[in-house]
Amino acid sequence: MSDRASASGGGAPLRHGGTDIALQLKRDWGQTLSGAAIWIGLAALLAWSWYPAEMDRWTYLITDFDNMRQYGAEFTEPNFRDWDYYLREMVVTVQIALWGTILAVAAAVPFGILCSHNMVPWWVWQPVRRLMDAFRAIHEIVFAVLFVVAVGLGPFAGVMALFIHTTGILAKLFSEAVEAIDPHPVEGIRATGATKIEEVVFGVIPQVLPLWLSYALYRFESNVRSATVLGVIGAGGIGQVLFESIRGFYYPEASAILIIVIATVVLTDLLSQRLRRLVT
Amino acid sequence: MSDIHVEQITKTFGGQAALKGVSVHVGTGEMVALIGASGSGKSTLIRTISGLVSGDRTGGSVRIGGVVMQENGRLSPQAKTIRGGVGVIFQQFNLVSRLSVLTNVLVGFLGQIPALRGTFALFTREEKMKALTALDRVGIAHTARRRASTLSGGQQQRAAIARALVQNAQVILADEPIASLDPASAKKVMETLAAINRDEGITIVVSLHQVEYARRYCPRTIALRDGMVAYDGPSAALTNDFLRELYGEASEELVLPDAPLRPAPVREGIIAGPSLATA
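If you read the protein sequences in the order shown, they are chains A and B.
For the first sequence, our numbering begins at 1 and goes up steadily by one.
For the second sequence, our numbering begins at 1 and goes up steadily by one.
Quick caveat, the hints were computed from the structure, so don't treat them as lab data.
Just so you know, not all the hints are guaranteed correct.
[As the list claims (entries may be wrong)] Subject to a maximum C-alpha distance of 25 Å in a straight line, what follows is the list of computed PhoX-like cross-link-like pairs (lysine-lysine):
| no. | chain 1 | residue 1 | chain 2 | residue 2 |
| --- | --- | --- | --- | --- |
| 1 | B | 80 | B | 130 |
| 2 | B | 130 | B | 188 |
| 3 | B | 80 | A | 196 |
| 4 | B | 128 | A | 196 |
| 5 | A | 196 | A | 172 |
| 6 | B | 80 | B | 128 |
Build the full structure now, drawing on both the sequences and the hints.
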């Protein structure tokens with residue numbers, strides 16, 4: 001009502017083709033209600049999760065602030081005495097990420113093609129996709145625990161964990177790129193009497209390569225972060241050293257390690273960003 | 001032997017018939033225009049002949065050089081082999097834009113060389129020279145190292161023709177090859193097609209939107225209307241009045257508005273195809 005009055009107020013009513021164009025401003029009650037329902041639903045979900053997530057303990061943040069300050073104070077004096085050891089372990093972590101990512105890229109190329117519904121019939125892409133879902137659904141840490149049991153403590157377990165999880169992610173991303181290609185060039189290749197694989201090599205890969213490279217670099221970046229965590233459960237690298245320091249209450253050492261981790265992650269981010277800009 | 005026999009081909013897309021029992025014969029070394037308004041079935045016919053589309057399972061067959069390409073709606077086992085001898089040229093050029101022009105032309109060898117060598121793009125020096133010769137033939141050898149996407153539309157279309165030449169194609173099917181080109185480029189492309197038809201004796205079927213080009217470059221025209229052959233005979237007989245009779249209002253989109261009502265200057269040396277008459 002008020003909408004309408006203000007739109008047509010202050011002069012002759014705006015009319016076009018016999019209808020009052022101010023009607024366009026009329027409130028759509030259906031939309032308003034469904035909008036409200038979404039917000040109410042979200043609020044209900046949050047309320048429902050409040051106690052299970054122990055959110056009621058938020059007051060501890062204030063009452064126990066002194067504890068935190070004491071704890072934090074120990075971190076403000078990083079101890080870099082063993083910096084060369086930390087750095088060596090950090091490099092191991094990056095090396096784990098590097099191998100994990102490369103193996104995943106190699107596996108994701110065929111799996112990505114086999115996941116794309118414009119490349120293979122449904123009875124191929126359906127099962128392959130579900131397999132990739134499984135790879136993705138299980139967290140790196142879970143895979144790492146499994147591989148620690150299978151191949152023993154150490155970096156190799158980390159590589160295998162990253163490899164499998166990242167394959168699931170990259171195959172999905174790769175196939176999305178493949179499904180978005182322009183089909184015409186592929187048809188042009190097919191018309192020359194090329195084999196199916198040649199169609200992919202000459203018609204599909206050139207089109208998706210920049211995107212694929214970009215995704216692979218992005219995953220490498222994420223894997224450097226993940227590899228740090230994997231160390232915690234015994235898969236080698238800086239994470240293992242970090243976890244041992246924290247468990248032994250060596251907070252200044254842990255602080256030094258964290259600084260090295262942050263510096264490395266920032267560095268990889270910058271580097272991969274630069275590279276990604278190059279390829280796209 | 002590189003003649004085309006289309007026998008009673010019907011093609012339905014979701015209940016809509018694009019082709020209704022089309023039969024066409026194109027002799028070796030002919031250059032035939034395929035005209036018709038939008039939706040008359042030109043593209044479908046070209047794609048059916050090239051085996052990219054298979055017809056309905058209502059009988060019907062396509063044979064190229066006497067070998068069955070498809071029969072009763074199924075591609076024959078020899079389809080891949082025949083495709084190697086049939087160059088297809090598309091309205092959108094269908095080059096791979098991120099690859100070099102030379103590589104795009106080398107793709108034409110894929111049907112002739114061992115699959116393993118093709119898969120790893122191991123082309124011999126001799127093949128590369130042949131590809132360059134083909135590019136030179138269509139007048140764009142100087143673009144060989146450039147990315148296909150950096151070429152103008154007309155140059156891309158000529159690169160596509162070079163690919164068909166490298167394929168050693170005895171038949172070239174061109175689906176609206178000039179529909180997205182400016183008039184100057186269109187003329188260049190049509191002249192290139194006419195030249196390889198004349199010099200290499202390659203059979204060419206080219207679908208065109210505008211009858212002017214058919215009159216100028218093709219001795220014979222097949223006109224489609226609603227998925228059926230409405231006319232098959234010398235292009236010279238296709239006057240604007242006759243087109244109006246054939247297509248009614250739709251004839252306007254086939255004729256350039258300012259086109260003179262000139263009878264086609266049929267190129268010497270080639271006599272219009274014998275199969276006149278369905279008109």
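Next pair to validate is residue 80 (chain B) with residue 128 (chain B); report whether the Cα-Cα distance is within 25 Å.
At roughly 23 Å apart (the allowed maximum being 25 Å), residue 128 (chain B) and residue 80 (chain B) satisfy the hint.
Regarding the pair residue 80 (chain B) and residue 196 (chain A), is the alpha-carbon distance no greater than 25 Å?
Roughly 11 Å separates the two Cα atoms, so the pair holds.
Need the status of pair residue 80 (chain B), residue 130 (chain B): alpha-carbon distance at most 25 Å?
Roughly 22 Å between the alpha carbons, so the hint for residue 80 (chain B) and residue 130 (chain B) holds.
Proposed proximity, residue 172 (chain A) with residue 196 (chain A) (alpha carbon, max 25 Å):
holds, 21 Å
With the threshold set at 25 Å, check whether the alpha-carbon distance from residue 128 (chain B) to residue 196 (chain A) stays at or below it.
holds, 23 Å
25 Å Cα cutoff - pair residue 130 (chain B), residue 188 (chain B)
holds, 22 Å
Hint compliance for this structure: no hint is broken.
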